[in-house]
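Student: From just these sequences and the hints, can you work out the full model?
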Amino acid sequence: MAIHNLLNGQFLNRSSVIGARFMSSWFRNIQPAPKDPILGVTEAFLADQSPNKVNVGVGAYRDDNGKPVVLECVREAERRIAGNQFMEYLPMGGSIHLVEESLKLAYGENSELIKDKRIAAVQALSGTGACRLFAAFQQRFHPNTQIYIPVPTWANHHNIWRDSGVPIKTFRYYHPESKGLDFSGLMDDIMNAPDGSFFLLHACAHNPTGVDPSEEQWREISSQIKAKGHFPLFDMAYQGFASGSPERDAKAIRIFLDDGHLIGLAQSYAKNMGLYGQRVGCLSVLCEDAKQAVAVKSQLQLIARPMYSNPPLHGALVVSTVLGDPELKKLWLQEVKVMADRIIGMRTTLRENLENLGSSLPWQHITNQIGMFCYSGMTPEQVDRLTSEFHIYMTRNGRISMAGLNTGNVGYVANAIYEVTKST
Amino acid sequence: MRPPIILESTTTFSSSSSSSSSSSSYSSCDRRLNTLARHLIDVNDQNQMASQNISPSPTASSNSVFAHLTRAPEDPILGVTVAYNKDPSPIKLNLGVGAYRTEEGKPLVLDVVRRVEQQLLNDVSRNKEYIPIVGLADFNKLSAKLIFGADSPAIQENRVTTVQGLSGTGSLRVGGEFLAKHYHQRIIYLPQPTWGNHPKIFTLAGLTVKTYRYYAPATRGLDFEGLLEDLGSASSGSVVLLHACAHNPTGVDPTLEQWEQIRQLIRSKSLLPFFDSAYQGFASGSLDADAQPIRLFVADGGELLAAQSYAKNMGLYGERVGALSIVSKSADVASLVESQLKLVIRPMYSSPPIHGASIVAAILKDRDLFNDWTIELKAMADRIISMRQQLFDALRARGTPGDWSHIIKQIGMFTFTGLNSEQVSFMTKEYHIYLTSDGRISMAGLSTKTVSHLADAIHAAVTRVA
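Protein sequences appear in the order of chains A and B. According to the UniProt record's numbering, the first sequence is numbered sequentially starting from 1. According to the UniProt record's numbering, the second sequence is numbered sequentially starting from 1.
For lysine-lysine, the following BS3-like pairs were computed, each having C-alpha atoms within a straight-line distance of at most 30 Å:
| no. | chain 1 | residue 1 | chain 2 | residue 2 |
| --- | --- | --- | --- | --- |
| 1 | B | Lys-342 | A | Lys-169 |
| 2 | B | Lys-200 | A | Lys-291 |
| 3 | A | Lys-329 | A | Lys-104 |
What the hints contain is simulated information worked out from the structure, not anything from laboratory work.
Tutor: Here you go:
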């Protein structure tokens, strides 16, 4: 009876609610968390009523009409999947097909390493999840190490290693004066780090700068890292998306593999297959031999199990269907090239517009940089003006998501950038 | 075997590239020559050559930094299916993982789920953009309504924060990490026994795990006195994990009267309840009945956490759909809580997957789909209840020694048989029946056809193995 009344909201007597109503909240001292700098931009953009607003914040591809794109190869894959698949748990290490296809894509279709089963690999929750698995793995088996991350890097890298309990150090990367690579700084920092440090490298289309080492520079980096015995972890979120060619975008990784490095690799299908919300990726660790790969994979699974048990199915089915079918894979390669080409075209157009407007500042970095993002070199104050005066939304580090530009707004944006940088 | 090639760097080759070559001891031309050499000489010579020119380094093909790793043991629960799959015997039974099976022993995708998948597929206006860090808004609201009741005062007062999570596991993990960061007490009490993954989830989240008595082997029922004693002596403010219904692995649930006493004790000691609800609707067949214990706690106005999973009750296992709700004292606190939950989620996986949550939201928001779902859900629950009865009857018919009434008293996916690990091994070896070594069987894996095989195995185990 008491229970009935309790559930109906009538309290018979005080004793039936002992303790509960007279305590204050356990969580009242919690501080409001700062807004995520990247995702917060989109929130602000959505709230803006201006008809001229432009979102060059989040790194998600848009077509020339500013619309999100679902690739045709993905739509076809989904048509094949729907109604035909059970929804059972995947193994802790995820879909074997997804992993196989991912390794072929990254390490090479005919890679001996794959044939020799030397790569420990598990499906992960996109690039974030892959990095997080590795960070937790690093903390568990090398608890006294740090991770060296480039300056700057994707902001969430800091959060991932921090929440995994791995201290973070940085290495020089971006050269503000040239808006290019600080190569000598980078090489010095690699050399001065204690032997056997862990280094996070962006395989292509560095986020947020768009500045990548040249092939020759990658070879130097590889050899210096080798000389110091460092562990190279690649974060590859843009394979195919940077140059339009997945093979070409994997060049840095192939150089390291040729040099004999035992790499770690986080792959994401968010951008290159447009599967952002599906959270599909892969973490791999190249081992000495098949036996070690089995051991490493089993340990990675032990990290996944208390985090989410096993990874989500749908995105994995989409990727393995696309990559596993020659026709669909061919279609994908065409579609990813279209995306990359549009972005490269926008870079050219933006730069030309700025130069034609008569800007006295140098803008060749716009076309020198590659991938989704351009590090414009604008200051936070200039960015704030872009937002408040022109309703253009981007992160305050001056990073422009090129995917947010299209033939309809590139002139407007060029003009706005020209205006706010005029006095520089 | 070719004679070793010895390479020496010469300063006549200028290295044009890096400005750092002056400070590095290893010029780029050394590197180029050595790379070339590797292709010209065979492997046996490489080690010799390596010692002459190239300083061996841990990541360059010889010593991995992870060489010291040992192979991890199989997950005790998921490992059962691995072992089952390897068994070549034509007559084998998998009673390991708690995944529903039909009478034909097949996995089941609910019809309502298939229909929604088609709907989603045909809706070309849908895209695959990132969803918010906290997940789909309508999914979150609907999940909260499902567990707390549409008329819940906590929802009406905006005191509920709900975030989409990676099924039950992910929701528990996010909740655990949130507590480890923001709650003043780092101890969580888990029932003895509990799902094998619970201790690992909370330990890795940063909490200290303790236990409270729960299962009484003698009665194969609830050790209520022990439970009250242990929670009564818990440090003030400790977190208490409670299985909302269909306790895993035992199938033993408190009665509503016992729940009320538990609630009073928890509130009087200022303990923080954290519910794990993985079987709502699946236990009794009624979504509301299975949510009563949680609603009891919400009704007293206090705070709690609740993790929900749609793996079993909507058959969405592999899509990893779930939710974490935190009920706070006020709307202001609820919004602080949400902002901090995002900071836990972002470095874990940035944002949750869209597919499964879209299916759930579509079903929960449409009255007809919702009704169809409840019918299919009840059918699953009823089949399991019928399997319990059939197994009980089969053991009685065989005169198997012991009291087996717990099979029909326990509820939900699992039965804690009371068999020991030797008996379990025996059943696996002799009868090819796969279950976890704690004697837990998944009733969902049974069918009318296979009940007698299991009854035979249990009978043999009990009579022949101590």
